[in-house]
Each structure stands twice: as C-alpha cells, then as structure tokens.
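2 protein chains.
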Amino acid sequence: MENFVSWNPTHLHFGKGVVEKLGKTISNYGSKVLLVYGGGSIHKNGIYRSVMDQLLSVGAEVYEYPGIRPNPIVEDVDAAARLGREKDVDVILAVGGGSVIDSAKVISATIPVNHSAWEFYGGDEKPKTAIPLIAVLTLAATGTEMNPFAVVQNNATKEKLGWGNDHLYPRHSFLDPQYTVSVPGDYTAYGIADLMVHCTEAYFDGGDASLSDRFVFSILKEAVEYGPKLLDELNDYELRARIMYAATAALNKLTMHGRIKGGDWGVHQLGHVLSMLYDIPHGASLTIILPAWMKYFKKRLSGKIARLGQNVFGTETADDAIRAFESFFQSIKCPVRLSDWGLPQINIGEILEGMAATNPSGNEIKMNSKDYPNLIDLFQ
Amino acid sequence: MENFVSWNPTHLHFGKGVVEKLGKTISNYGSKVLLVYGGGSIHKNGIYRSVMDQLLSVGAEVYEYPGIRPNPIVEDVDAAARLGREKDVDVILAVGGGSVIDSAKVISATIPVNHSAWEFYGGDEKPKTAIPLIAVLTLAATGTEMNPFAVVQNNATKEKLGWGNDHLYPRHSFLDPQYTVSVPGDYTAYGIADLMVHCTEAYFDGGDASLSDRFVFSILKEAVEYGPKLLDELNDYELRARIMYAATAALNKLTMHGRIKGGDWGVHQLGHVLSMLYDIPHGASLTIILPAWMKYFKKRLSGKIARLGQNVFGTETADDAIRAFESFFQSIKCPVRLSDWGLPQINIGEILEGMAATNPSGNEIKMNSKDYPNLIDLFQ
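Protein sequences, first through last, are from chains A and B. Note that my numbering has the first sequence beginning at 1, numbered continuously upward. Note that my numbering has the second sequence beginning at 1001, numbered continuously upward.
Isolated chain A, as found in the complex (with noise of 0.2 Å):
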C-alpha cells in the first residue's frame, strides 16, 4: 500500500430537489456569473428555467457561454474564459455533463491567466488560483462533478488530452437524479460504461491497494446490477440515483488511494484517440478499446484479470472475465469493435496516424508504436 493523500473539497449536493439551493450558494460567492452549457438540451428538458429561477431569485447578473460540444475543445474554453474576463465574473455556474464542467474547470483556471488554456496541457504552466466553480449535472457518466480532473481536446494538434489540478474540483456540485431522466437509453448506457472503465482504470494499477480494488468491485457490482434495470426503465429515480452516484464514486479518487500511480488509464488514452477521430461518445470509445487491452495485455494481467472476473461477475478465468465485460457491454448496447459503430470504413493509417500524435499509453501497462497495430487488430 503506497502513500496517500485522501482531500476532496467538493460539496456534493445529491438528491431530489437540490437545486433549490443553488441560488444562495452562488450568493456566497459573489453576482457576476458566467452560465457555461452544450447544445441547448436544457432548454428542451425545464432545466435551464430552473436554474435561471435560482439565479434570478438572488438577483446574479448572468453571462451565457452556450453550445460546448459533446467532445469539448480548447477554443471554446478561450473564448469563454475572455467572456469571463472581460465580464470579471464571480463564479462560474456549469449546467451539463462531463463535457460542460470540464470545460468550466480549464475555463476556470484560464480566466485569471494570459494565455490559452492550452497551455496548462503542457505540464509546465500551472494555475496559481482560478474562479470558483459549482456544477450543476445532468448526466451521470464521468464523475467530472467532484474530482479535479478536465479532458479537452485540441483540433489543431488532433490532441484529446487529460489534465488535473487541485484548483479545478468544483466547490458545490447539484446532482438531483430527476436531471438525468431525460438522458436516451444509448448515453445513459455510454455513461454507464464510463464509470465502469474508471473503475477498471483505477484497477490497473501495479500497486496492492485491497480496500481499494474492493470499492472498485462493489461500484462495478452496481453499474451490473442496475445499469441494465434503468436502461429498461429510463424514468425510474431510484435507478437513475444508483447510477448516478455510482458515476460519482467512481472517480472520486476514492478507488485511487493506496495505489501506485492512481491508476494506469491507458484504455483511455486509447478511447481519446478514436473520440478525437470519429467523434465517438467517451463512453462508447472505452468499450471498443477495454477487451482488445485486456486480451492484448492477458499475458501480462492474467491473475489481475481473473480476479476482476470473479468479484464482479463470478466467474473464473482471465478469458471468462474478459467475455464477461464484452457480453456485458453488448447487453447494455455499446459498441466492442469499432466496426459496430457503423462507420463507412475503417482507415488503420489513420488510426494509427492520430495514435502518433498522442502515443497513448499507461501509468503501468506502457504502450508504443509495436503495439498500436496489435491493438487496433483486436478492437477494429
């Protein structure tokens, strides 16, 4: 067991009806707000209205950054963030999902600098403070809502990259289950699979963490069990809830402590790669990469594998294990290959193309450019 700090200053506000009290905690922060949203769904579903209702109960002077994509990128943060400046907004209020709050958090961070947020990407400019930011979620799916961790993508260098900073976890995130209703059955089940691979991630770490890999199961156990129940039931609360707080937990750091390097998050890497080229939901990218890694690693992972195998699905082998995550995902109507995901064709040089550009690979499983061909054979 290694080393660790255990710190999370997010309030997690969870349950029906939460949102009533955002308009007095924004006040604690100040009345210049900057509204950070996607593509206008919360329009459409009564959220926005009802967030509006808080804002202008504490009567916040309110600027709007509407329309971040479901792959977010960097000029949109940039040019949030000069909105933001020139605004001297308070505090940031991020309305959505993964995207949207991990948009805020770079924009956070980027409002009180001079440069792109792209910079922070880097490694080398590190935010010395940043605008507070609370969340309000609507979908349950990265566990963005209280964790300091922020994915953006890079158009220009093909770049989806990761990046965390204690000055990005949200002081107040609102998840009220009633939000998530009206998520459809296919990103409901992307999300469902997010939180599994975050799990998994954690998982693969090389140290020996066993409190750790038993939360990793018991969270897994819950995406199993009432993942597929909600996706027969999309409106049923106390289903949205489990999922929904299960997203949360797992990435939270809390499968993290005790590890070596927090997790090995290779798999990811990987899905950033066929996000960033076919605009693949995150979820989605993960289930089509986690059986090839793990079939491409077995060797490796053998033990490791099996034993995920037999606490979260009772079975016995590596291999069982791995057609246990695979049916799994099936059942639930994500993609396994990336042919599933019905695109015109598959082009290996340009998969392998973008693979150059980031060279993905793990805190623990490295990989390379001899194992990119390898991989994409398993998971085309």
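Do not take every clue at face value.
[Said to hold, decoys possible] Okay, the calculated beta carbon distance ranges per label pair:
#, chain 1, residue 1, chain 2, residue 2, range
1, B, Gly1314, A, Gly17, 39 to 49 Å
2, A, Gln345, B, Glu1225, 47 to 57 Å
3, B, Gly1039, A, Lys16, 40 to 50 Å
4, A, Ile260, B, Gly1314, 24 to 34 Å
5, B, Asp1053, A, Thr157, 41 to 51 Å
6, A, Asp340, B, Thr1129, 51 to 61 Å
7, B, Glu1316, A, Arg69, 44 to 54 Å
8, B, Gly1162, A, Gly17, 24 to 34 Å
Please keep in mind that the hints were generated in silico from the structure rather than gathered at the bench. C-beta: ideal position from N, C-alpha, C; glycine also.
Got chain A sorted already, so can you dock chain B onto it with the hints?
Leaving out everything else, chain B in the frame of chain A:
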C-alpha cells in the same frame, strides 16, 4: 436512496513518514499550539519526540495538556479548553487515539465559548466556530481522524454521549501506520472490532442505499481478511496500513450516504453504558453488545442480518451470520459476553440503572426500558 450531502474537509495524510510534513502544516495555522495527548505512551514509543521535533523546527510555542483518559471525561476537556483560552492558542495538535482526538475536537469548540463543553451535548448549544485542529493518529479504531464526531463521558451524570458538528473535522490528520506498531494485541483487536461495528451500525439504517451497503461489506471483508493476520504479526507495516485505512473508511461518512439517518447506532449507545460503568474499552464493549443485539432483533432484521453474513462471511441464514460475527470476535480475543470481561460479579440492577441514565436507543431500531432486561440477559 435518500438525499445526502457528501463533504469532508479533512486532509488525510496517509503512509510512512507523513509526520515529516507536520511542522510546516501546523505553521500555516499559527505559532501557539495546544498539544493534547493521553497517558504518556507517546513518550515511550518515540512519537512525542518526533512530534516535538516538528513543532520546534517551525518555532512553535507549545502548551501541553497530557493525561486524556482512554474513556475521556468532560472535566479534562474543560480544563484543556481553559488552558487554550488563557494561552490564546492558534491551533490544537492532538496526538493519540480516539479518546485524545475526540477530546481535542470538543476542546476546539469550547475554547471560543464561556461554558462547559458538556452544554454542547444537550443539543441546544451549537459552536459558531472552533480553533483549527490537527491530529496525529496512534491507534486505528474510531475513525475520528476524518469525521465530525466526538464522544466524551460525564462521570457526574453517568452519561457517555456522542456529538457531531461540522466544526469538529480535523483540518489535517497524519496517519503513519508505523505509529500503531507498538499498540498491543488486545487494543489492536478492539480497534478492529470498533471499525467493524461502525460498518454494521451504518448498515442497520432503515433505508435502501445499495452502494453504501457494498462499501460496508468491503470494509468488513478487509477487517475479516487482514485483522487476524495482523494479530499474528503485530509488526507488519502492510497489515497495520490496511487496518488503519479500513478504520478511517469505516467512519468518514462513506458508508452513510443515501441512508435515512446515517445508520442505527443503538449498539454504540448500549456499549457506552458498559464503558461508563466498568471502564471497558470502547471496541470491547461493542463486541459484547452486537451479537446480543442481533439476536434480540433477529426476527425483525432477519433478511438484513442474513444478507450481511452472505456478503461478509459467506454464510446463509441470519443465525449463521450472528454465529459468524461471534466466532470472529472470539477468534480475535474480544469478549462476546460481559462475563468474558472478568468482572468480579455482574450486577444487573447497576446496568439497568446505567441504562436509565441515558436511555440507549437506535435511530432505526428503537429501544426502551422494556428491552433492556432482555438485552442484558443475552449479553451478560
């Protein structure tokens, strides 16, 4: 699943050598330090010296309040608070186990007020502020290092009571498993028992919080797997680390999310009566009570007790589960009857009188004077 707020401000520094960061951390809060500790074992095992080196390295002005008892009393809390008030301390440093850190929490809230700490236990007085508290944990058991709860006893009123308030979270807690290596087998076992009963108390809430239940099973399995191994190898760092982290996770609210009342806690209330009357260590009081409590409420909780056993011990029925808990506690040499504690004689009238002083009851499973004689009959 009930609404909940997940928030925990404590920075938990876990692992080998973490106390090297103590001096610098303390100095962020000021230079006048009230150092609170217990019976002096920290003088023997070198911990006092390590802590003082840290304090001296940052030029701290240290006022000591030693002598906190294993079952801490409110007189000590009030006296230490007077010292802290008189010296106008900036920060409290608690070095010890649950009794020391619990006392220090209440001291931190009592210094700024002009009444006895006991008034907080009535429920009407609430602290508006508290002196920052930093903890160095030397015993894995109560979880106090990362929660807002504090138990003290009042010998005058014969009450031992718990209290929780958001001001009571330690700002930082330092957990070096090496600091627990000198804890003897009996107290190591009581700590294991204590963390296990924290899990069962959370579980016996009336709500339906599936992921919190899975976390309960995870922590219990960790204790059942590594607890006995640790008692065979008291010097083993890895085993000390696993039990230490399990004890923190068992009561840092993780097991409580989504529950109706955060757990039942009736077993603790009954245990406090035994600790109060016979100075029985907290963990040992719980292993005397839990089997009797499960037997007495078996009919009502049959399905729930059975499911607990299935998930932790692989047993089948509620009776099997109760037997498994009893055998496990016996295997780690914890008492499962009051008679195991070796009192010269058991005075039932005295126990009933002790119960009458606090009327122990659970949040979910209510108890009253009609139940006490039957419970005593089962645990005597």
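Exercise for review: Could you work out which earlier hints the structure fails to respect and list their numbers in ascending sequence?
Suggested key: none
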